[in-house]
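S.K.: So you can see what is in the structure, the chains are spelled out below.
Protein chains: 2
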Amino acid sequence: MSGRCPFATRRGFLTAAGSLVAAAGTTALAVPGGATARAAVLPPEAGGPSERRQIEPFWGEHQGGIATPPQTHTYFAAFDLTTDKASDVVAMLRLWTEASVRMAAGETAEPLSKDLVKPAADSGEALGLSPARLTLTFGLGAGLFTKDGKDRYGLAKRRPQALVDLPRFNGDQMIATYTGGDLSVQACADDPQVAFHAVRQLARLAYGHAQIRWTQAGFGSNQAAGGTPRNLMGFKDGTINPVPEAASKQTKGPHQASLEEVVWAGTEGPAWMRGGSYLVVRRIRMALEHWDRMEVGFQEQVFGRQKYSGAPLGRTHELDPLDLAATDKDGNPVIPDSAHVRLGAAESNGGAQILRRGYSYNDGVSFTAERWPPWHQGMEYDAGLLFLCYQRDPRAGFIKIYENMSKLDMLNQFVTHNGSGVFACPKGVARGEFIAEPLFA
Amino acid sequence: MSGRCPFATRRGFLTAAGSLVAAAGTTALAVPGGATARAAVLPPEAGGPSERRQIEPFWGEHQGGIATPPQTHTYFAAFDLTTDKASDVVAMLRLWTEASVRMAAGETAEPLSKDLVKPAADSGEALGLSPARLTLTFGLGAGLFTKDGKDRYGLAKRRPQALVDLPRFNGDQMIATYTGGDLSVQACADDPQVAFHAVRQLARLAYGHAQIRWTQAGFGSNQAAGGTPRNLMGFKDGTINPVPEAASKQTKGPHQASLEEVVWAGTEGPAWMRGGSYLVVRRIRMALEHWDRMEVGFQEQVFGRQKYSGAPLGRTHELDPLDLAATDKDGNPVIPDSAHVRLGAAESNGGAQILRRGYSYNDGVSFTAERWPPWHQGMEYDAGLLFLCYQRDPRAGFIKIYENMSKLDMLNQFVTHNGSGVFACPKGVARGEFIAEPLFA
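As you go down the protein sequences, you meet chains D and C in turn.
Okay, so the first sequence: first residue is 1 according to the working numbering, each after it adds one.
Okay, so the second sequence: first residue is 1 according to the working numbering, each after it adds one.
Simulated from the structure, these hints should not be mistaken for laboratory data.
There may be inaccurate statements among the hints.
Computed beta-carbon distance windows for the label pairs [claimed, not checked]:
#1 C:Ile175 to D:Glu370: 42 to 50 Å
#2 D:Glu347 to C:Arg431: 49 to 57 Å
#3 D:Pro373 to C:Leu319: 58 to 66 Å
#4 D:Glu370 to C:Ser87: 24 to 32 Å
#5 C:Asp172 to D:Pro438: 50 to 58 Å
#6 D:Leu319 to C:Ser87: 30 to 38 Å
#7 C:Pro43 to D:Lys329: 24 to 32 Å
#8 D:Val164 to C:Ser366: 28 to 36 Å
#9 D:Asp148 to C:Thr83: 50 to 58 Å
Calculated lysine to aspartate or glutamate pairs in the EDC-like style (CA-CA distance at most 20 Å, straight line) [said to hold, decoys possible]:
#10 C:Lys400 to C:Glu107
#11 C:Lys114 to D:Glu437
#12 D:Lys85 to D:Glu347
#13 D:Lys407 to D:Asp172
#14 D:Lys400 to D:Glu260
#15 C:Lys114 to D:Glu61
#16 C:Lys150 to C:Asp88
#17 C:Lys118 to D:Asp292
#18 C:Lys400 to C:Glu260
#19 D:Lys114 to C:Glu318
#20 D:Lys85 to D:Asp151
#21 C:Lys150 to C:Asp172
#22 D:Lys118 to C:Asp292
#23 D:Lys400 to D:Glu261
#24 C:Lys407 to C:Glu318
#25 D:Lys407 to D:Asp320
#26 C:Lys407 to C:Asp328
#27 D:Lys114 to C:Asp165
Positions of the beta carbon are idealized from the N, C-alpha and C atoms, including for glycine.
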């Protein structure tokens, strides 16, 4: 095997001498048809009035994709930095910022060229598509500050105190290829191809400086008229969630705090994080085959909500407040002690809250042996929740809430956290700046 | 390990006695809060005028999802039959038909019940969503007729001649968990959650008779105004494709045949296949990182089309006919001998054509070692094309075309076929019938 020419074994034939030259990454290109004599015909530029309505602003006090009303699709990617030079990281972040501004406006990552003997400045699969409200949200992982005990970029002292490593939670079943990352990019858009395209361009621009470590695509349902989306367990999930002020008048319940309190970092940390937020991401596989065989009444006890209306147990409407003190005629709590909504509620966590931005994921099926009744083994869905949440400080947010939930939540029988990351998402980018610029100043 | 109670090790705690009873699959349910005393509150029924516009008819001469204008998402699933009784298969297909009729109309798979001590008749994640033009297209694999040399259901003699096993094509790199299946379901919808939901209900209804073997989700781009979608290589792919008569007047090129000729099985086969079609599915991973480093001119030579306009090389507009005889001033073919469009064209395949129904897929990244320049190894996209195609006879369609392409197409340097299946999709279902009913008569 090893003595054979790799070209000769790749498909067992040689197609054209030109393709091999190109595959070797040289700039000379000898192909039949004389491509060097032609010039690329560029597509018309985007930008009609209906497209502008599909544009989320890139510049601003906060990064997009945090308080932005959720788009229907996401593609999340964590990157490992492979360079040892801070100047490379800066150059890459500058490129990423320029490309992000362009892509959010529905343009190609870089201006296209008529030059046929250069790789394309954009892979092209989003040409002709709407900007689809694309947002790109950047995060900085612990590895940017210190990696394997090494201060690669002179940033070790600048690591925000709030950027803590997550503890190992009860029940964690982490898969290494779904964890960590020195940088994160959350692309959200109303078109999955637009989200995929955006991350791909950034990965291409990072060549030699950073490489993708893991990714996860996700989708939301097109729930009519602003209702709370249902997760793949068929329940409305995330009803109690702080919402942007503009949208909060009708739906904000008595326990809901403002984004200023819950989401945006303030003067307690470094200046480059003021107006930023901390992202905790968890990949949560659901045992859907198992769940589907549970009685509806049991499912409702697990969540603490009615399946169909979304109302808290004992109440009528989805947005009715939780009454955690309510008991039935026998003195038992109407919402069980181990119900998901009880354990996640601010009242059960000393007021702790997070901004939840969840997407469902569907990665097909994989072989699974369930070692509990009904002892099934076979292909089971690798599907569930890409849980993304934003908070002012993970210690007072996700960590505080999930320390408790991971031990007690009845839902844990049906879900497995197998991916995880925590990232500091800097403040929004001012015009002319690049993302996280003040950190490197 | 093995001596421990499986409940005690699943999360290391016992949540509530009730959950264990339920997990064991008994009908008795003892949970705090007295679920047995309550009744489920059912959601309002669907069906406003705007919803009706989102409904594709289920009954008809042909199955939906073949000539239906492509929805933006698909979830494809192949099933293995686990029963040895034809009567079980019939009962299951009857259930599948009833559920499909309901779901295509935006309803739950089965009527919901107020009974809280039964599993839900529907997992619920599509409640409140549009019907989203859901179509469900059913296929029969070779294993329904004969499996491991055994005629399980007395159908061996009824296997259509056109339902051949695919040969091993040049370059095939099959992964067992993406191949085969006794039955197939292609769910297409304009909402990924609706497509996932539909397959999941069918899988649930099949419990004990069939189980999922493999699945693949896919998406299309929301290309404006009927343009040919771009694949993840950034090229318009599938321009030459037979189209339904109603849509064909403007776009049908000189070499395009009608669906009657290309897609629908006729009197040459069994009556239950007349008006049906044969599905070939291929999971095609693309080496996108590699592709992105190729010169635009080289990419255009590989496809035989301009990247941005989609026009055939040497022409101006996407829909301009291919001129396979054209040569440049040096006498070289304008469209290279090994170009994708040349090898796929009907003229190169004795007139053979297929109806292409492709979706992109994005399953994240996995570790890949490229054993050819530039000798990269690391995490690479597990993304590409879920290629679904329909034809009157695979021997005169996909097999004939791809035998040639698999050996010569320059594109093969950048794509790997790693999943495959072939299925006979029976004629459409008449009102009151179940899918494939005449086969079992």
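S.K.: Would you mind marking each hint as holding or not holding in the structure?
M.R.: Now for the hints, and whether the structure bears them out:
no., hint, verdict
1, C:Ile175 to D:Glu370: 42 to 50 Å, "violated (23 Å)"
2, D:Glu347 to C:Arg431: 49 to 57 Å, "holds (54 Å)"
3, D:Pro373 to C:Leu319: 58 to 66 Å, "holds (59 Å)"
4, D:Glu370 to C:Ser87: 24 to 32 Å, "holds (29 Å)"
5, C:Asp172 to D:Pro438: 50 to 58 Å, "holds (53 Å)"
6, D:Leu319 to C:Ser87: 30 to 38 Å, "violated (49 Å)"
7, C:Pro43 to D:Lys329: 24 to 32 Å, "holds (27 Å)"
8, D:Val164 to C:Ser366: 28 to 36 Å, "holds (30 Å)"
9, D:Asp148 to C:Thr83: 50 to 58 Å, "holds (55 Å)"
10, C:Lys400 to C:Glu107, "violated (41 Å)"
11, C:Lys114 to D:Glu437, "violated (58 Å)"
12, D:Lys85 to D:Glu347, "violated (46 Å)"
13, D:Lys407 to D:Asp172, "holds (11 Å)"
14, D:Lys400 to D:Glu260, "holds (19 Å)"
15, C:Lys114 to D:Glu61, "violated (49 Å)"
16, C:Lys150 to C:Asp88, "holds (17 Å)"
17, C:Lys118 to D:Asp292, "holds (10 Å)"
18, C:Lys400 to C:Glu260, "holds (19 Å)"
19, D:Lys114 to C:Glu318, "holds (18 Å)"
20, D:Lys85 to D:Asp151, "holds (11 Å)"
21, C:Lys150 to C:Asp172, "violated (27 Å)"
22, D:Lys118 to C:Asp292, "holds (10 Å)"
23, D:Lys400 to D:Glu261, "holds (16 Å)"
24, C:Lys407 to C:Glu318, "violated (26 Å)"
25, D:Lys407 to D:Asp320, "violated (27 Å)"
26, C:Lys407 to C:Asp328, "violated (25 Å)"
27, D:Lys114 to C:Asp165, "violated (46 Å)"
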